[in-house]
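Sequences are here, hints too, so could you generate the full structure?
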Amino acid sequence: MFESFLNAFPLLFGGGSFLNILFVISLGLLIGLFVGALPGLTTLMAMAIVLPISFFMDPLVGIPFLIGVYKGGIFGGSIPAILVSLPGTGASVATTFDGPPLTKMGKGRKALETALFSSVIADFSSDIVTILLIGPIALIALLIGPPELAAILFLSILIISSTSSGSVGKNMIMLATGLFIAMIGQDPIAALSRFTFDVFELRAGVPLLPMLIGLFAIPEILINIETKTKDFIKTKLNLNKEENLTWNEFLKLRKTIFRSTIIGTTIGMIPGVGQVVAAFVGYAAAKNSSKNPEKFGKGELEGIAAPEAANNAVNGPTLVPLLTLGIPGDNVTAILLGAFVAHGLRPGPELMSEQGSIVFAILMCMLLANILFLILGYFTMPIFSKVVTIKKSYLIPLTIIFAFAGSFVFRHNPADLYFLLFFGIFGYVLKKLEFDVTPLVMAFILAPSLEYAFGQTLSLGDDNVIMFLLSERPIAALIIVSTPVITWKLWKRSKKLRDVATTITSEQVK
Amino acid sequence: MKFDKFSPNLLSGIISILFGIFIYYKIPTEVEKPVLIFGQSSSEIDPQIVPTIVALMFLIFGLYTAFYEKDTKISNSWPKVTKQILINISTTIICLILYSILFEYLGFVISSVILILSLGTFMGNVNFKYITVISILFPLSIFFLFVNVMHVFLPEFPFYEIRIGNFLIM
Chain P
1 MFESFLNAFP LLFGGGSFLN ILFVISLGLL IGLFVGALPG LTTLMAMAIV LPISFFMDPL
61 VGIPFLIGVY KGGIFGGSIP AILVSLPGTG ASVATTFDGP PLTKMGKGRK ALETALFSSV
121 IADFSSDIVT ILLIGPIALI ALLIGPPELA AILFLSILII SSTSSGSVGK NMIMLATGLF
181 IAMIGQDPIA ALSRFTFDVF ELRAGVPLLP MLIGLFAIPE ILINIETKTK DFIKTKLNLN
241 KEENLTWNEF LKLRKTIFRS TIIGTTIGMI PGVGQVVAAF VGYAAAKNSS KNPEKFGKGE
301 LEGIAAPEAA NNAVNGPTLV PLLTLGIPGD NVTAILLGAF VAHGLRPGPE LMSEQGSIVF
361 AILMCMLLAN ILFLILGYFT MPIFSKVVTI KKSYLIPLTI IFAFAGSFVF RHNPADLYFL
421 LFFGIFGYVL KKLEFDVTPL VMAFILAPSL EYAFGQTLSL GDDNVIMFLL SERPIAALII
481 VSTPVITWKL WKRSKKLRDV ATTITSEQVK
Chain U
1 MKFDKFSPNL LSGIISILFG IFIYYKIPTE VEKPVLIFGQ SSSEIDPQIV PTIVALMFLI
61 FGLYTAFYEK DTKISNSWPK VTKQILINIS TTIICLILYS ILFEYLGFVI SSVILILSLG
121 TFMGNVNFKY ITVISILFPL SIFFLFVNVM HVFLPEFPFY EIRIGNFLIM
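Protein chains in written order, with the numbering used here: chain P, 1 to 510; chain U, 1 to 170.
Hints may be right or wrong, so weigh each one.
Take a look, some chain P residues computed to stay more than 12 Å from chain U by CB distance [claimed, not checked]:
no., residue
1, Asn7
2, Arg259
3, Ser289
4, Lys295
5, Gly297
6, Gly344
7, Phe379
Partial chain U-side listing against chain P, Cβ under 8 Å, derived [unchecked claim]:
no., residue
8, Pro8
9, Ser12
10, Ser16
11, Pro47
12, Leu96
Honestly, the hints are just simulated from the structure, not real lab data.
A virtual CB, placed ideally from N, CA and C, is assigned to each residue, including glycine.
Next comes the structure, spelled out in structure tokens:
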């Protein structure tokens, strides 16, 4: 594994691709910042729409491009949250508590710089933790066989479904829906046709890309069209005239940033919980340990640093289960999984042993992205603060045609446009009825591997699978037996974390 | 029973139960049977196992949602859909369906110009000069990016070749 790590350096810095990588990461960061800064348009939507572009690049260029969009989008979301109290993404809701009061005091630039520095430090630290963790976990993952893999995949989708937002019953229905959609086409064991209803287009199964773009981008677009609001916001801002964050002010924030980094990194390791919860927990922890908790919500720099560091620290650790076991922890990593698969890299135990150097090179790109993020974010902050004023009647149609073009180019099949449309409308209805689509997407992505490993386990067990597991695969048996307990514990934990978020929000509303 | 007595969770539960039953009854006809080779099945496991498990999942989780979560306050309220929202959304969806059809026949650029102009005008608050310029420049740029830079296919302009069935007109 260490050899793979060392081999990542020539991959990254040799062969003349380094400048290309720097360019695409910067481009991704700028796209992410732009979309994130527009209230109502999310990072997830931006990633879903630009995903097809990454397919036509080298893996070491295309995947860092998406990582750039991701990182840029998370910070971009904080810009309108701080300046005009409109969170650009869910992860920046907690930032709206202290950002707008600081802007009113003429400290908008200071608040944005606090958000930027906290985000970069937390993200960089959590990426280093990810690089350190991924090797040992990958070595353990190499020891597992089909029964253990089936047990782990089953446990993962249950955890994701139970820890996602919303009611457990609805999440489980989404899980079953994802499994059903994945069943359409051919079974992965004997390639037998199933649930095609004699529709030719369904014979090869439901394509991943139009489904992802449909579920993540189209509902956001439709929600924006609902009200036809004329402008995102009418405001005049000039950040160049405002004062910067001082070194002393930054030093006072170091404890908060450190605490939130640990919180975010830990939450990132729990599948399905995500940045929104991390930001609220980070905020609550900062408020509870502050000597002046009454200042929170009235324009406290710590109130910016805490959620921003926490939500960005989630980014790295969510990649650990994805790269070592092929299990995406959230929707963003599900999109990254789509990019890996399209490049012929199937995340899982074999990926680390066979293409470990590429994985480490991609992880190093994340560190590079943080440095570029700091530079670009600092200098483009005043420009992106003006993005909040762009009219959505210009942007929405452009987003739609990008989504349609992106869905079409991968297979050149007009049927993919109808898949996109179907999943877009389906996603919109689900969003209105407060269903979380995360379990659906996760189940759809993991179902083929789960079914294949499950089939192999049944074959290995011959007539008596239970005896086979107990006598020859005790670890798999142990995982299966402990699945209800682990799921229950994590559900309780995520519920507690979400309660913290709800309490803080209601306190702020009061 | 009044409509408002059906909470979203109750309705979701009922739909899930019905869908589970539907899948279960469709398994014999919709799941292909493995070929027998020398009297032995070509598939090592019964291909109906997984679909049966999924059908049962719909049934069990549907029952759970319909009975235990029908009155829960979390994520269980009807969305506020006004007449205006309904008009906006239906118009957009119709535009998107037409766009999907025109995409293939008129090509990417022309169909996109029509979509941007019509949707932009429908959403309102646009300067007609700007939206016209954007509606032409943006699809052309995307077309150039995909076709000439990334070398992937997008349906071209319709006037390169016009066919009726398999017959090439132009």
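Okay, the hints, checked on the actual structure:
1. Asn7: Check passes; 29 Å lies beyond 12 Å.
2. Arg259: The claim stands: Arg259/P keeps its Cβ more than 12 Å from every Cβ of chain U (closest is about 29 Å).
3. Ser289: Holds, since 29 Å exceeds 12 Å.
4. Lys295: Label holds. Min Cβ-Cβ 32 Å, cutoff 12 Å.
5. Gly297: holds, 25 Å
6. Gly344: Non-interface label on Gly344/P holds, nearest chain U Cβ at 17 Å vs cutoff 12 Å.
7. Phe379: holds, 25 Å
8. Pro8: Where the cut-off is 8 Å and the nearest Cβ of chain P is about 5 Å from Pro8/U, the hint holds.
9. Ser12: holds, 6 Å
10. Ser16: Result: holds, 5 Å to nearest chain P Cβ.
11. Pro47: holds, 5 Å
12. Leu96: Where the cut-off is 8 Å and the nearest Cβ of chain P is about 6 Å from Leu96/U, the hint holds.
When the structure is compared with the earlier hints, no violation turns up for any of them.
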